[in-house]
Amino acid sequence: MCGIAGILYKKDATSRNASTGHALIEMLNGCQHRGPDSTGFALYGPSHDDQLRMRFFIGTGDEATVATTKIKEILADHNAHIIEDEVVGNNYRVVVEFDGNVQKLSYDLEHAAKVISIGSSLEILKDIGTAHEVDDVYHVNSFSGTHGLGHVRLATESDVRPEAAHPFWATGFADIAIVHNGQITNYWKMRRRLEQRGFEFNTANDSELIAVYLADKLSQGFRLEEALETSIEDLDGTFSFLVSTKNEIGYAKDKLAVKPMVMLENEDMVAIASEEVSLNKLFPGQALSTMEPAPGTFCTWHR
Amino acid sequence: MKRIDLSAISVREGNELLRKMAEQEDIIEVLNPDAQHHIGVGLTSPCTVKIRGSAGYFCGGLSDGARFEVDSNAGWGLGDNIYNGTVVVGGNAGAIAGVAIRGAEIVVKGNMGSRAGQVMKKGTLLCCGNANFMAGYMMYGGRIIILGDSGERVGEDMSAGDIYVAGKVNSLGSDAELIDLPADELDSIMAFLDKHEIGFKGSFQKIHNAGKKLRYATQEPQRRSLPFFKHSAEMTYWNEKIQEDVFVKSQIGRYRIRGYGTARALPHVSDIAFRKKIDPDRIESGVVDQVRMRTEIGGINGAEPLKLSMPVMVAPMSYGALSASTKRAIAIASGMSDIAENTGEGGMSDAQRGAAKQLIFQMLGGRLGWNIHDMKRADGLEIYISQGAKPGLGGQLMANKVTKELAEIRGIPEGIDLRSPSRHPDILGADDLVIKVEEFREATGYRLPVSIKLGAGRVRDDIKIAAKDGFDFIELDGMQGSTGAGSSEVIEYVGIPTLSAICEAMDALDEIEFRDKVQMVLMGGLRDGIDAVKALCLGADAVAFGSSAIIAGGCIACMQCHIGQCVTGIATQNPDHEDRYSPEQEALNIHRFFESVRWQIAAITNALGYDSVTQLSRDDLVALTPEAAAITGLPYEPEHRDETDAIAIKAS
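Which chain is which? The protein sequence lines are A and B, in order.
Residue numbering for the first sequence follows the working numbering, starting at 99 and increasing by one per position.
Residue numbering for the second sequence follows the working numbering, starting at 567 and increasing by one per position.
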């Protein structure tokens, strides 16, 4: 019940006049009618191999103080040394020096706090409100990275809460994010399979399942396109989703093609969205040579 | 030539301007369309609209007589439901291009998305490139010409119409058949291509309906019908009903079909009662004038509301299931009682429109009888998702009810066993639904309330979706609701009882704090004013009566509505049978029934100590059974049993 968007610039930032964050704000603004409840972004900043960027929902007031203290304790337990931290909106954002096991650290953090994202480069910004409202609080515009994803959500089956907003981080796997439009009908079957192998889930949202499913494949040595290919067979339901890693984005579309998806590719960039209206937001007034991915297909682009 | 620049104004303003300009101008140019939705929706003046760029969803939809030229691409639902007119797209079209067209010529110069021409009735859809899967899905007529490849499952479940493919036929859909192309049809195709200046040399293969699937080979044997109480009697083994069921199945080898709703004993509003003892002897004769019953429905977001003299309307029942005379009688009665009538699925007739003071126009997935002109003369619009008697399933209208006249108004071939699709081509989720609702509002200038009819299934989620998608009101239909024809197993066993449905719906609205932002109309086996007041107490803003209205007008509840040989002339399209029905007289009977409902609502409301129906609340109710208490959360107080019977007797 939503709209999705993704963009990857093939060239360096100098050749364009707007940031990746700005492009995604515009694209989501174009399809906000598909999901007025909440908006979210997965953005990639400059990466440092021995550093992790983390974001948590901490709420406000005393609740926030308690949450922050707890997070700091766990980071200390794992020898994650805080380099910088700040409170933005209802987020606690922290950058740490860390060279241990990310999955173990993140599961420990999950048990104590509401993790939004963890990655050497990835940061997920999401909250209740429109693209512009979320930008006002979290400064999405300032992210100039090379690629990112966005999502607008109409909450139907779960509450309007910031935690239920997309994108979803692949819990336990650094730098992997997903946005999804649709419904996975074999959610519980797939989730149990992954849980039996030790993976943890942070929500009951089917989009998180796709993220963990793909991350698991990647950690087994699959390339992203191979993981997307198997996802079309393994996941049952209606879906159009976008996935991003540290240096690539990709899409997969179910065989029924119930959920829309339109893409535009040129030598500078590839942009994918639920509706062409989002793509036109990047190129106002122009007639675009867009294409609709065929049912049951997938594709990836990397930097 | 005039210009409209959509970078300066909204689509809504642009469409208003377009409608005004089109009355005088021949050519209008739309600049900076930027793939925005609903461009040109509802345009009914002959003019040419040149769209300089890409158009979004439903470009040119619900229009009649105009020509649209889109330079680049078009989104989903290109030319939706166009009556007559032309659309030419220079690039690609998204899914369901030409959906439900009733006579348009649509030319897509590039490729087109999946399910092109779904439920189309008449006209031509041309794709110069390749089509995606299921082109011609459930089409009822017209033709699709594909110069490239057909895509998978072309012609899936088509009822009629022709599909011509010049490229590769990737695979055939269910009940579709490949045949040689008749020479005269080739001439007609080439003439169409010439007319639209499409250069093409090559040959075509033709695909049409094989006629093997969508027809019943064996009809049910006609038998003396079992009365409703035999159906609803306790289930003992091998009773009359079970025996009949087994016998009929032994003849036809499939599920049975019947009319009406479930006959099983299920929790219902009769399992709850009023907390306060109502003494029929103390009800004053002028009580109707002492209670405020006027109810406005649908104005919550600024549309012109339905103005009901009491919180009651007629439930949607189709011309098709019912005879034209019956629909007219109900319309007259609704006008006399100053409540709203509903067209149901089968389109709007002049007689019905003329007789009903307030009329809701219903749209189903098959878009049977749906069109812009009747939308404009309706007082409310309704998107049917499902009905309580058979949630999740489409409608069935057996061949002997699909007469020439009926086929014409629905835009389908005469004499087919008509299955209405169970889902909409363009409503596949809450996100698409938002865009569809907006299309209706654009087409009718935001004047009419738009409602959604939901059969009770996954009530909690469905209600939340409906509320969030901005409908003006919701019509919720429980399992005790009736149908003109449905599989008897489904009617008996599938659904959520009306009582559970309204309670779940109210909880859902409370959870998202939408109680005051959308109105609720409850239906599904509500029988009289007593049931109505209970529904109002539980949170409904109004109720709708279907079965009780037709029973008031002479129906004998034999449940054989689907056969088409209704002895009372109600559920038939056979003129000999229909002659037995006297619309003027039955209109008076139905009207008197509605007045008895009015009296009951007033009497009970007054006896409960109120002077307005809006003061009724859950606090006025108790549960008579443990099940009803569990369902409603009302206190279990069985000692109140039977107290309202006296009111029922006194109502006249």
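It should be emphasised that the hints constitute simulated quantities derived from the structure, not laboratory data.
These numbers come from a predicted model, not from an experiment.
Note that beta-carbon positions come from the ideal geometry of N, C-alpha and C, so glycine has one too.
Possibly wrong hints are sitting among the right ones.
To be verified - Capping the alpha-carbon separation at 30 Å, the derived lysine-lysine pairs in DSS-like fashion look like this:
| hint | chain 1 | residue 1 | chain 2 | residue 2 |
| --- | --- | --- | --- | --- |
| 1 | B | Lys761 | B | Lys772 |
| 2 | B | Lys767 | B | Lys807 |
| 3 | B | Lys873 | B | Lys815 |
| 4 | B | Lys772 | A | Lys353 |
| 5 | B | Lys688 | B | Lys767 |
| 6 | A | Lys202 | A | Lys287 |
| 7 | A | Lys353 | B | Lys1083 |
| 8 | A | Lys344 | A | Lys109 |
| 9 | A | Lys353 | B | Lys779 |
| 10 | B | Lys675 | A | Lys353 |
| 11 | B | Lys688 | A | Lys353 |
| 12 | B | Lys568 | B | Lys942 |
| 13 | A | Lys353 | B | Lys778 |
| 14 | B | Lys1083 | B | Lys923 |
To be verified - Covered stretches of chain B, as calculated for chain A (at least 3 residues, CB under 8 Å):
| hint | region |
| --- | --- |
| 15 | 923-936 |
| 16 | 1028-1034 |
Go check the region 923-936 of chain B versus chain A for me, would you? Three or more residues, Cβ under 8 Å, otherwise it fails.
violated (count 0)
Exercise. Under the criterion that the straight-line Cα-Cα distance not exceed 30 Å, is the pair lysine 675 of chain B, lysine 353 of chain A satisfied?
Worked result: OK: lysine 675 of chain B and lysine 353 of chain A at ~25 Å, within 30 Å.
CA of lysine 772 of chain B to CA of lysine 353 of chain A, is that 30 Å or under? Holds: lysine 772 of chain B and lysine 353 of chain A sit about 26 Å apart, inside 30 Å.
- prompt: If you draw a straight line from the CA of lysine 353 of chain A to the CA of lysine 1083 of chain B, is it 30 Å or shorter?
  reply: 37 Å, violated
Is it true that the CA of lysine 873 of chain B sits at most 30 Å from the CA of lysine 815 of chain B?
48 Å, violated
For the pair supplied as a hint, lysine 202 of chain A and lysine 287 of chain A, confirm whether the alpha-carbon distance does not exceed 30 Å.
24 Å, holds
- Distance restraint between lysine 344 of chain A and lysine 109 of chain A, which requires alpha-carbon spacing of 30 Å or less: Holds, because 16 Å separates the two Cα atoms, which is no more than 30 Å.
query = For the pair supplied as a hint, lysine 568 of chain B and lysine 942 of chain B, is the alpha-carbon distance within the 30 Å limit?
reply = 26 Å, holds
Exercise for review: Verify the proposed pairing of lysine 761 of chain B with lysine 772 of chain B, using a straight-line Cα cut of 30 Å.
Suggested key: 21 Å, holds
_Just to be careful, I want the Cα atoms of lysine 767 of chain B and lysine 807 of chain B compared with a cutoff of 30 Å; is the pair within it?_
63 Å, violated
Given the hinted pair lysine 688 of chain B and lysine 353 of chain A, is their Cα-Cα distance within 30 Å?
This hinted pair holds, its Cα atoms lying about 29 Å apart.
TODO: Could you grab the alpha-carbon distance between lysine 1083 of chain B and lysine 923 of chain B and see if it respects the 30 Å cut-off?
DONE: 26 Å, holds
Checked against the numbered hints given earlier, this structure breaks hints 2, 3, 7, 15; the rest are met.
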